[in-house]
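Colleague: Chains as they are written, first to last, in this note's numbering: chain X, 1 to 257; chain V, 1 to 643; chain F, 1 to 242.
Hints in this document: simulated from the structure, not taken from any laboratory.
Source: prediction; values computed, not measured.
Misleading hints may appear alongside valid ones.
As the list claims (entries may be wrong) - Mimicking PhoX-like on lysine-lysine, the simulated pairs with C-alpha atoms at most 25 Å apart in a straight line are:
| # | chain 1 | residue 1 | chain 2 | residue 2 |
| --- | --- | --- | --- | --- |
| 1 | F | K220 | X | K178 |
| 2 | V | K379 | X | K235 |
| 3 | F | K216 | X | K7 |
| 4 | F | K210 | X | K113 |
| 5 | F | K210 | X | K237 |
| 6 | F | K216 | X | K235 |
| 7 | X | K178 | F | K113 |
| 8 | F | K220 | X | K14 |
| 9 | V | K219 | X | K22 |
| 10 | V | K190 | V | K547 |
| 11 | F | K113 | X | K237 |
| 12 | F | K113 | X | K28 |
| 13 | X | K237 | F | K216 |
| 14 | V | K547 | V | K489 |
| 15 | X | K235 | F | K210 |
| 16 | F | K210 | X | K250 |
| 17 | X | K22 | F | K113 |
| 18 | X | K235 | F | K113 |
| 19 | V | K190 | X | K205 |
| 20 | V | K627 | V | K643 |
| 21 | F | K210 | X | K178 |
| 22 | V | K379 | X | K237 |
| 23 | X | K250 | F | K220 |
Claimed, not checked - Covered, in the sense of this in silico footprint (three residues per stretch, anywhere, with C-beta under 8 Å from a C-beta of chain X), are these stretches of chain V:
| # | segment |
| --- | --- |
| 24 | 44-57 |
| 25 | 283-289 |
| 26 | 451-465 |
| 27 | 515-528 |
Backbone N, C-alpha and C define an ideal beta-carbon position, used for all residues, glycine too.
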Amino acid sequence: MNHVASKNLNLTLKIWRQAGPKQPGGLKTYQVRGISTDMSFLEMLDVLNEQLIASGEEPVAFDHDCREGICGTCGVVINGQAHGPDSGTTTCQLHMRRFHDGDTIVIEPWLAKAFPIVRDLIVDRSAFDRIIQAGGFVSVNTGNAPEANTTLVPHHVQQDAMNAAACIGCGACVASCKNASAMLFVSAKVSHLASLPQGQAERSKRVLNMVATMDAEHFGNCTNTGECEAACPAKIKLSNIAQLNREYMKAALLSKE
Amino acid sequence: MVTVADTPLDGRCPDGNIASRWDQRKRDLKLVAPNNKRKYTVIVVGTGLAGGSAAASLAELGYNVLSFCIQDSPRRAHSIAAQGGINAAKNYQNDGDSVWRLFYDTVKGGEWRARESNVYRLATLSTSIIDQCVAQGVPFAREYGGTLTNRSFGGAQVSRTFYCGGQTGQQLLLGAYQAMMRQVSGGGIKLFTRREMLDLVVVDGIARGIVTRDLVTGKYETFVSDAVVLCTGGYGNAYYLSTMAKTCNVTAAWRCHKRGAYFANPCFTQIHPTCIPVSGDHQSKLTLMSESLRNDGRVWVPKTKGDTRSPDQIPEDERDYYLERRYPSYGNLAPRDVSSRAAKERCDAGFGVGPSGMSVYLDFSKAIKEDGESVIREKYGNLFHMYERITDENPYKVPMRIYPAVHYTMGGLWVDYNLQSNLPGLYVLGEANFSDHGANRLGASALMQGLADGYFVIPYTVGDHIATRKVKPISADRPEFHEALEAAKSRTAAILNVKGTHSTEHFHRALGKIMWDHVGMARNEKGLLHAIEQIKTLREQFWHDVKVIGSGETLNQNLEHAGRVADFLEFAELLARDALYRDESCGGHFREEHQTEEGECERNDADFSYVSAWEYQGIGTESILHKEPLTFVDAPFGVRSYK
Amino acid sequence: MTDSTAQCKTGLLGCLGLSWFFRLLSSSIGQKFVMGLTGLLLCGFLVAHLAGNLLLFAGAEPFNHYAHALHSQWELLALAEFGLVVLFLAHVYLAVTTTIGNYRARRDFYVLKQSKVPGRIIGANSWMFASGSVVLGFVILHLIDLRLGLRSSLHYLPEENFEAPFRNTLAALSDPISRVVYFLGAIILGVHLSHGFASAFQSLGLNHPKYTPLIKIIGKIFGVIIAVGFASIVVFVPGMWR
Numbered sequence: 001m002n003h004v005a006s007k008n009l010n011l012t013l014k015i016w017r018q019a020g021p022k023q024p025g026g027l028k029t030y031q032v033r034g035i036s037t038d039m040s041f042l043e044m045l046d047v048l049n050e051q052l053i054a055s056g057e058e059p060v061a062f063d064h065d066c067r068e069g070i071c072g073t074c075g076v077v078i079n080g081q082a083h084g085p086d087s088g089t090t091t092c093q094l095h096m097r098r099f100h101d102g103d104t105i106v107i108e109p110w111l112a113k114a115f116p117i118v119r120d121l122i123v124d125r126s127a128f129d130r131i132i133q134a135g136g137f138v139s140v141n142t143g144n145a146p147e148a149n150t151t152l153v154p155h156h157v158q159q160d161a162m163n164a165a166a167c168i169g170c171g172a173c174v175a176s177c178k179n180a181s182a183m184l185f186v187s188a189k190v191s192h193l194a195s196l197p198q199g200q201a202e203r204s205k206r207v208l209n210m211v212a213t214m215d216a217e218h219f220g221n222c223t224n225t226g227e228c229e230a231a232c233p234a235k236i237k238l239s240n241i242a243q244l245n246r247e248y249m250k251a252a253l254l255s256k257e
Numbered sequence: 001m002v003t004v005a006d007t008p009l010d011g012r013c014p015d016g017n018i019a020s021r022w023d024q025r026k027r028d029l030k031l032v033a034p035n036n037k038r039k040y041t042v043i044v045v046g047t048g049l050a051g052g053s054a055a056a057s058l059a060e061l062g063y064n065v066l067s068f069c070i071q072d073s074p075r076r077a078h079s080i081a082a083q084g085g086i087n088a089a090k091n092y093q094n095d096g097d098s099v100w101r102l103f104y105d106t107v108k109g110g111e112w113r114a115r116e117s118n119v120y121r122l123a124t125l126s127t128s129i130i131d132q133c134v135a136q137g138v139p140f141a142r143e144y145g146g147t148l149t150n151r152s153f154g155g156a157q158v159s160r161t162f163y164c165g166g167q168t169g170q171q172l173l174l175g176a177y178q179a180m181m182r183q184v185s186g187g188g189i190k191l192f193t194r195r196e197m198l199d200l201v202v203v204d205g206i207a208r209g210i211v212t213r214d215l216v217t218g219k220y221e222t223f224v225s226d227a228v229v230l231c232t233g234g235y236g237n238a239y240y241l242s243t244m245a246k247t248c249n250v251t252a253a254w255r256c257h258k259r260g261a262y263f264a265n266p267c268f269t270q271i272h273p274t275c276i277p278v279s280g281d282h283q284s285k286l287t288l289m290s291e292s293l294r295n296d297g298r299v300w301v302p303k304t305k306g307d308t309r310s311p312d313q314i315p316e317d318e319r320d321y322y323l324e325r326r327y328p329s330y331g332n333l334a335p336r337d338v339s340s341r342a343a344k345e346r347c348d349a350g351f352g353v354g355p356s357g358m359s360v361y362l363d364f365s366k367a368i369k370e371d372g373e374s375v376i377r378e379k380y381g382n383l384f385h386m387y388e389r390i391t392d393e394n395p396y397k398v399p400m401r402i403y404p405a406v407h408y409t410m411g412g413l414w415v416d417y418n419l420q421s422n423l424p425g426l427y428v429l430g431e432a433n434f435s436d437h438g439a440n441r442l443g444a445s446a447l448m449q450g451l452a453d454g455y456f457v458i459p460y461t462v463g464d465h466i467a468t469r470k471v472k473p474i475s476a477d478r479p480e481f482h483e484a485l486e487a488a489k490s491r492t493a494a495i496l497n498v499k500g501t502h503s504t505e506h507f508h509r510a511l512g513k514i515m516w517d518h519v520g521m522a523r524n525e526k527g528l529l530h531a532i533e534q535i536k537t538l539r540e541q542f543w544h545d546v547k548v549i550g551s552g553e554t555l556n557q558n559l560e561h562a563g564r565v566a567d568f569l570e571f572a573e574l575l576a577r578d579a580l581y582r583d584e585s586c587g588g589h590f591r592e593e594h595q596t597e598e599g600e601c602e603r604n605d606a607d608f609s610y611v612s613a614w615e616y617q618g619i620g621t622e623s624i625l626h627k628e629p630l631t632f633v634d635a636p637f638g639v640r641s642y643k
Numbered sequence: 001m002t003d004s005t006a007q008c009k010t011g012l013l014g015c016l017g018l019s020w021f022f023r024l025l026s027s028s029i030g031q032k033f034v035m036g037l038t039g040l041l042l043c044g045f046l047v048a049h050l051a052g053n054l055l056l057f058a059g060a061e062p063f064n065h066y067a068h069a070l071h072s073q074w075e076l077l078a079l080a081e082f083g084l085v086v087l088f089l090a091h092v093y094l095a096v097t098t099t100i101g102n103y104r105a106r107r108d109f110y111v112l113k114q115s116k117v118p119g120r121i122i123g124a125n126s127w128m129f130a131s132g133s134v135v136l137g138f139v140i141l142h143l144i145d146l147r148l149g150l151r152s153s154l155h156y157l158p159e160e161n162f163e164a165p166f167r168n169t170l171a172a173l174s175d176p177i178s179r180v181v182y183f184l185g186a187i188i189l190g191v192h193l194s195h196g197f198a199s200a201f202q203s204l205g206l207n208h209p210k211y212t213p214l215i216k217i218i219g220k221i222f223g224v225i226i227a228v229g230f231a232s233i234v235v236f237v238p239g240m241w242r
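Chain X extracted, bound-state conformation:
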């Protein structure tokens, strides 16, 4: 067996605590003992919260749901890295065997003007919903669809679309970007729909409206640092941003929108 038997870790946690959006926040230090290396990062936080409840202190609020890396709900900055040290991994899929006995772990929420803090490690990512609302869809009413195989999509086109569509909307791109830019998120949806025949009718309108909303939501601009790509748990490629730029300029200069 190449499984290393589980060990127990004693850790020092420095966690951002903030009672509400307007309240001041700061790092608070906690000790946790006997954390099994088989635990996920969130299970380690569960242990801390049980400990806090036992001592009468309010547990740390953090977003999480599916705990299998697909819903995009969880996400914290762990020692300065969005979703922690592993690439292509969400916080819920990060395991404690990645850490050592005696480590100090700094845990902060996603920070960006467009993602105001709700409480502790929870932020408001509804700006993403409003961007999708601005055009991240194909306008087809239920019942209007033609027979599926009349729309042919070559295998490689489908794969490109799928790779872009894999975005889980967690916001790690924004959190890790020094400019708090949402370009990777926006580009993933724009690329997904622009590559497919179904997305052609609204291709120009979509990119213009989504970018306008992105700007209005106070996300920063892209300076091509590639931090978002490195932090993305769904491995969305930076080339999508180039495609977004292309789509946007084409729409702005050539379309009638």
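Dock chains V and F against chain X, hints included.
Modeller: Chains V and F alone, transformed into the frame defined by chain X:
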């Protein structure tokens, strides 16, 4: 003793030829004129495949839709986690599929405990779902020529499963979410995120609104509507450990039940055979490994009890490939319920492997030897990677260890053919209802049902309720709204006032253990009676001893969880009682008293071919059982054998 | 007609039917497009400028001929200089505004921040604004020295003098402090280009699996060539023609 209602429950299905029943019903349903639709408000609770598709479709028709979800965005609903695919009777593979065959496979897979008319409609609508999703831009897998491709899934002899890599649920959900967001931008949908439904408001016997709590501010609100559509998923988290997301709960459905909606077949729970086993007491959730792995993986345990040798040290003739041994014709591809029980049987008999002895091997070494590692990597690379990340074991070198886990709940609120519960104006869609899967659900059928309900059933049937009953506008000042609002507030206040010594998590885990031990994969009378007593005791302890920190006026996840666990503690008793009353084995419900000599299910069609719909009578008072008889004409009773 | 009257209320650009252009220029992607485009055009200028200046190695005669030939076409030169100023100002203006905008969008900073880009220790690209600022300062100094002839400590030959271009250039590099400043200016410019060149392609939407890796390498090489080219002048030319 259980009180059984005198009059049988009527599913209100159309008569006549099964293939034309839905057309016939659509002909009979009353319509609401286009310019009148905007005068009506429909509440949709939940934004998974059923809720998202329903909200989008109803808003497209012109209704005012109020959409609620518990998560921070509609896109987070747990439909997103479905991996494998979605079934549809397109017959693109020219391999003999048809609407009838999908219908038959689904009825058989559910051990003849689903409603024939509903299942047939589901199979019919399946093809439109694929068309709709493709038009939305869902990137289904394609052949090189650009046409759609399919794969095979458990319980079928044809290839009818459409998929998007291992993320089919995600892509379908994003399709529905995007359709929804388009309506949000058009003003057809008003979206309320981070809201939890805490009660249903019934006025003059008709569902007319809901009570919610804003999870960020703690504020209670009431919403008035002309119909309520509940799409709040399943109750698997009653078992604590399951493949469900952490916020999945029974609260909304249970509160509707307490307001008079019948709860049907709660004992039908699906235990999925291929999940990553529990690694310790800290475990907070279980992760599913797609069923597709059993296409190439061989399941085995050592032939010797308590064999602690590492798997590569155990020679071939000392291995027991028990699925291949017991079910030679289906082998490792036996259906979920059958495979799960077989794994439990081996582990209970002392042949299990791993540190706890509660797992079996899923071995790819033969496939790797025959096809090469690269082929296996291409097929299952992402799953192998996920397995390694969680367990720290390399499945290319050592066999995976798997064990069954609670996955899906076939039971739910009772609905008629129109998906309306016995409470007029309350519609229940997707996993939250009971209707289409019977005692066991086949792989790739849940996505199909959620979308069929939301895109293609509810848009027709909601209008009929509004038009026939001529629902009148009412105000939220009605006493019924005040009463429901106060009830929700006082329940939360009561939880905060207990100020006990044990955390919510403690009670949830304790409930989960009772459920798994006695109401899990194998059940018997003694265990069920014991479980019912234990649940009652635990419930009392909870209300005397739960410790919830913080207030109700802020975001308080601990308080939310406590409210949900309080409802699970009431609901679990009904689940166990239903399991006790259903004195037969079928699908996901296995009563040890009723098994063949080989340990297979022994169904009792003569006495139990009905839907158990329970009517709430108060906590501590036994519910009244309404029976909806099930008849099978087009898919007559048969033996469900996989030998 | 009603359309254009309605548009007129939005100002001159609206009247001209150009409100779309204003929208484009004020959008994030429009701005970085302009940033990338001006950057690449300025790279083109650098190539020409370096090529001309390398004549310093050939001695006074060829360099002075080149300079006078250039200056004799004063209409074209004025146009080019005007163009350069516009490109440069646009590039600088956008750099300042987007940096301020990006700073506001980030708003809060992490107590601890680490890159997840493999091998990256500090965010190398955060240097773009810093290196750009240094380059800006250097360009101003360079213009004062050799375009405007305003450094009071230097004894400029008058422009009519055939020897002026060569002599004045050498004069600007006569003292060690100037040489160090010019040397560092060249190096920092190279650093700026080594990210900026490839980055401009990305901003213009020019990304392709077949070409992007090559563009990235060319960008690095380009940065090195520009830096080494100008630095070599600073290092060797004063010694060669004392």
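Colleague: If a hint holds in the structure, say so; if it does not, say that too.
Modeller: Against the structure, the hints:
no. : hint            : result
1   : K220/F / K178/X : holds (23 Å)
2   : K379/V / K235/X : holds (19 Å)
3   : K216/F / K7/X   : violated (44 Å)
4   : K210/F / K113/X : violated (37 Å)
5   : K210/F / K237/X : holds (15 Å)
6   : K216/F / K235/X : holds (20 Å)
7   : K178/X / K113/F : holds (10 Å)
8   : K220/F / K14/X  : violated (40 Å)
9   : K219/V / K22/X  : holds (18 Å)
10  : K190/V / K547/V : violated (36 Å)
11  : K113/F / K237/X : holds (22 Å)
12  : K113/F / K28/X  : holds (17 Å)
13  : K237/X / K216/F : holds (16 Å)
14  : K547/V / K489/V : holds (18 Å)
15  : K235/X / K210/F : holds (20 Å)
16  : K210/F / K250/X : holds (22 Å)
17  : K22/X / K113/F  : holds (24 Å)
18  : K235/X / K113/F : holds (20 Å)
19  : K190/V / K205/X : holds (23 Å)
20  : K627/V / K643/V : violated (32 Å)
21  : K210/F / K178/X : violated (29 Å)
22  : K379/V / K237/X : holds (22 Å)
23  : K250/X / K220/F : violated (29 Å)
24  : 44-57           : holds (count 3)
25  : 283-289         : holds (count 5)
26  : 451-465         : holds (count 3)
27  : 515-528         : violated (count 0)
Hint compliance for this structure: hints 3, 4, 8, 10, 20, 21, 23 and 27 are not met, and every other hint is.
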